Structure formats: structure tokens, C-alpha cells
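A.B. asks: Chain order of the listed sequences is A and B. Quick note on the working numbering: the first sequence kicks off at 9 and runs consecutively. Quick note on the working numbering: the second sequence kicks off at 9 and runs consecutively.
Think of the hints as simulated: they come from the structure by calculation, not from any bench. Remember, it's a predicted structure, so these values are computed and weren't measured experimentally. It is possible that part of the hints are untrue.
[Said to hold, decoys possible] Using 30 Å as the maximum straight-line C-alpha spacing, the simulated BS3-like pairs for lysine-lysine come out as follows:
1. B/Lys-72 / A/Lys-69
2. B/Lys-112 / A/Lys-66
3. A/Lys-79 / B/Lys-49
4. A/Lys-57 / B/Lys-112
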Amino acid sequence: AQSVSQHNHHVILSEAASLELGCNYSYGGTVNLFWYVQYPGQHLQLLLKYFSGDPLVKGIKGFEAEFIKSKFSFNLRKPSVQWSDTAEYFCAVDYSAGNMLTFGGGTRLMVKP
Amino acid sequence: GAVVSQHPSWVICKSGTSVKIECRSLDFQATTMFWYRQFPKQSLMLMATSNEGSKATYEQGVEKDKFLINHASLTLSTLTVTSAHPEDSSFYICSASGLAEYRKTQYFGPGTRLLVL
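Just chain A, with the same shape it has in the complex (with noise of 0.2 Å):
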């Protein structure tokens, strides 16, 4: 079955360190992948997209995810995280192409002041 799995359900920094959120994905054929993000209290929102092309994709606030296809994997990353980035991320992926998403479980990240 096509899954998508974050391993770190949990994460907890300080402010300034170096942030890298892991997703994998089962399937080896041609994908569309996402990150959302889920701040406290409010709706889940875009953070960055890749499609094709430049596996290392931009979002907004910062955040940065690389697409590896031998590894099947699509990390988040942020160099310096703040407080405000305190969310939950959830990972997504587009088996079909038909712009059906199946997410992983979330991982929720508290950032410490």
C-alpha cells in the first residue's frame, strides 16, 4: 500500500538550531510532494511544493525541502528555527498525479524560547 511516513512524531529545539523533519514515501514511480504546516489553533497551510525539476525546493518563512529518489525521501529543513515555528508538519504525497494526497501522521515541533 502507498504510505508516507515521518519518523519523529515528536520534536522539541531551542531557538536557532538547525531543523530537518524526515518523510518517506513507498512508491518509486513519479510523485508530487507537500509539506503543510499546522500552527496551533489554525488551518493547515502550503509550505512548499515540488513537482519537477530543482529536487531542492523553496517555500515561505524559511523553510527548505530536498527530494532525494533513490532514498524515496522529501526532508524538511530549516537552518535557524524560531518559537513561531512551533506546528505541527505533515507530509504529503500525490501517488496519482490526480492531486490525491495521502499524508503522514504529523510531527509536532516545539520550539523553545
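Using the hints provided, position chain B relative to the given structure of chain A.
C.D. replies: Chain B in isolation, oriented as in the chain A frame:
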């Protein structure tokens, strides 16, 4: 751009009543809308997909007679929870995608928290 709203943001109802949740795309035409359910501290579970003017496609295990979805216009989809019971209490989220720059990406609404007493 790509703003999706939901109404109401929360609703409390008695067991056995029906509840309607609206999902609107405010600044683009939503050719496809999606309805999800999110349980506490869990990820999103897709309930159904609807294309404007067509019947919704429900995921396995989702009762289509209980969760009625209508997508009658390019800016509005509704989810009606019929004869709601306490186990239907959840956070319901819609998303929308459209044409051109709004293709191949889902834009999410703020969610509706339903509590059935």
C-alpha cells in the same frame, strides 16, 4: 490567493440531528473539493472527493448516506452529517483545488469542530 473558508467553525448538536458544514473557495474556482476528518493528535483522513456538478466519490468505509456531500457550484461544497451521533464528533476539514495555478495543489479551510451530545 487560494483562500478557503468553512462555516461554521464549531458546532454543538444533539444526537439524531443533522448538521451542515459549508466550504467555500473565496478567490478561485474550485473544480475539486475534498473532505477530511482529523482525530485528535492524528493525521487527516480523506472522506470523499467531489467535482463540481458530479456525485462525490467516497473513500472505503465512509458511509455516503451519513455524510452527504454536495458540490453544486465552483465555489461551494457542503457536507451534511445526517442523524449525527457522538462518534461523529470530530474535526472536519475541507480543501479545494482548481485550474491553472491552483491545479495539483490542495488549499485547506480552517476546519469545523463538531461535537455531538
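A.B. asks: Hint by hint, work out which the structure violates, then give me just those numbers in ascending order.
C.D. replies: Violated: hint 1 alone.
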